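Residue numbers (the numbering used here), protein chains in the order written: chain A, 3 to 318; chain B, 3 to 318.
Derived by calculation from the structure, the hints in this document are not laboratory data. Hints are supplied without guarantee of correctness; some may be wrong.
Note that identical chains are pooled: a pair holds if it fits in a single copy or bridges any two copies.
[Stated by the list, open to error] In the SDA-like style, the derived pairs of lysine to any residue whose C-alpha atoms are separated by at most 20 Å in a straight line are:
#1 Lys112 to Thr33
#2 Lys112 to Gln274
#3 Lys32 to Ala20
#4 Lys32 to Leu114
Model, not experiment: these values are computed from the prediction.
Now for the letters of each chain:
Number of protein chains: 2
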Amino acid sequence: MKIDDLYAAKKRIQPYLAQTPLLLSSLLTKTLNQNIWLKLETQQLTGSFKTRPAFNNILMHLAKARAQGVIASSSGNFAQGVAYAARELNIKSMIVMTENTSLYKIERTKQLGAEVVLCGNSYEARHQTTDQLAKETGRLLLHAYDADETIAGDGTIGLEVSDALGETLNHEMAVLVPVSGGGLIAGIALALKTLHPHCRMIGVQPEKNGSLAAALQSGKCVPIGPVQTIADALVASMTGEKPFALIQKYVDDVVLVTEEEIELATQFLIEQHKLVVEPGGAVTIAALLAKKVLTKNCVCIISGGNIHLWAPLIIN
Amino acid sequence: MKIDDLYAAKKRIQPYLAQTPLLLSSLLTKTLNQNIWLKLETQQLTGSFKTRPAFNNILMHLAKARAQGVIASSSGNFAQGVAYAARELNIKSMIVMTENTSLYKIERTKQLGAEVVLCGNSYEARHQTTDQLAKETGRLLLHAYDADETIAGDGTIGLEVSDALGETLNHEMAVLVPVSGGGLIAGIALALKTLHPHCRMIGVQPEKNGSLAAALQSGKCVPIGPVQTIADALVASMTGEKPFALIQKYVDDVVLVTEEEIELATQFLIEQHKLVVEPGGAVTIAALLAKKVLTKNCVCIISGGNIHLWAPLIIN
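Chain A on its own, in the form it takes in the complex (with noise of 0.2 Å):
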């Protein structure tokens, strides 16, 4: 893969999303005395990026998606991504998700059309019924992080984030990816490696999934076994293989983060900082709040806000 896949990628899914917003967070900036920038992608339409693979995928295969409908499988925020964008193309979608998945993950993806099949209750189990169901139904299968397609369409955060920032990504600046299979990281540090080699690119696995961690210690993927964090985002228990060749090119570290570490980013950032968040876009404040990254200036990517939130409409 090159960076003009990703211009592609941006070119085709244009029409249909807008770019998200980069703030600089006073309140961080202000607690960590680093400057922080935060790249909004709750902001996405559905709530999290996952909208722009899904469209890029899409759109690259367009004539078989609208011949025989899509399949994903997804924890949550790739099943948004894809119904929404099939809906948006008059594509039939139908996503594999396990029992044990948010309700309000589930019931978003089913409120935005796509036919929902639930499977038992691990990451494996999952994929085996995709692949099954891809085969019967020979539907358009849609990988959430191990394709080409997914890696371009997650990597055009990156280029706007060169937009954004230009010069100051240089070697004081760190960019902080959540990673659960490796295609948001593998795709922005495409872009931002490419056209700023200076800066540094770090992923941010929960310690409880730390499938990249030990992929880049073996030198190979490898499954790591059932993972359950709160990061329910963050659940691919082995890093994929495409996105690992660019990440074994371009990424500089990983960094691991406790449920705790997790938890507290979650909450500062939904009652201090006034943004809903989910545990999973959180890691990349909870790698900062507890210190392992200690750049002068940092990205993070705050990859989703699909969580439910209970508010108290009354007085007092």
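Could you slot chain B onto chain A? The hints should help.
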């Protein structure tokens, strides 16, 4: 008052406060088929715009504030703004709040170092207590809306909107502002109508507090009696005299929204738009969602986000 007072305020508070973001909302633009920008004062330090007038007020009377301390009456957001500004400037603050103020706002005010005095349950009792305590203690009294210093601090929001949107602020643009005592809309209207005379300025109040609508109808500021609304930031039962003079000159219209419309807008912003906004900050969106303002382009001031949310951070 003149726009030069706003430029002076901007220069005065700049060392302490950052600009807030102005987002073009993909979701609202798509939902309503109007171009909707959100001026996110939820991103101001303390979660509302009130730090602006707090700093401007104190900095204009720094010697007295240092010698005597400050006192203010507030429904909760000005309280936090004053407490924060006072703490940053090493000044003692006392805040008078009613006993039915949200615990969330009382606690945050205390956490910022203010001495909180609770008194009765009415807006009138709060102001009487404040005036009496100001006399007894000799503290500098900061008014939440009926003071030039406050209006000038509020008006810095208008200058930022002008910088960001420039010539887009023409006859096709409506600027929607939440209204309680009128200080916020007075300051913003002074800025924007001076710089862009053809844009429309629209105030939004809860139906349960139509104090400005009543004042505009009768031509004078009159108390409308006890106010109770889920928009707990918008409970001033009478428009201030100083804001009213500017409002009569510069504001085009006032729109009223029901409790149900406010609740719906608040839930929409939190659940769909992934922005933590309190009911008082959501009234502008309530007016739009209820199709009460139909211009091609709109800027909505999202004035605050101090609401207690409960996030169930458990896996499913």
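Hint check:
For a Cα distance limit of 20 Å, the shortest separation of Lys112 from Thr33 across copies, 19 Å, qualifies, whereas the shortest one inside one copy, 40 Å, does not. In this homomeric assembly, Lys112 and Gln274 come within 20 Å of each other (Cα to Cα) only across copies, at 15 Å, whereas the closest approach inside a single copy is 32 Å. Taking CA atoms no more than 20 Å apart as the test, Lys32 paired with Ala20 passes between copies only; the shortest distance there is 10 Å, against 29 Å inside one copy. In the homo-oligomer, the alpha carbons of Lys32 and Leu114 lie at most 20 Å apart only across protomers (15 Å), although the nearest pairing inside one protomer, at 39 Å, exceeds that limit.
Every hint from the earlier list agrees with this structure, and none is contradicted.
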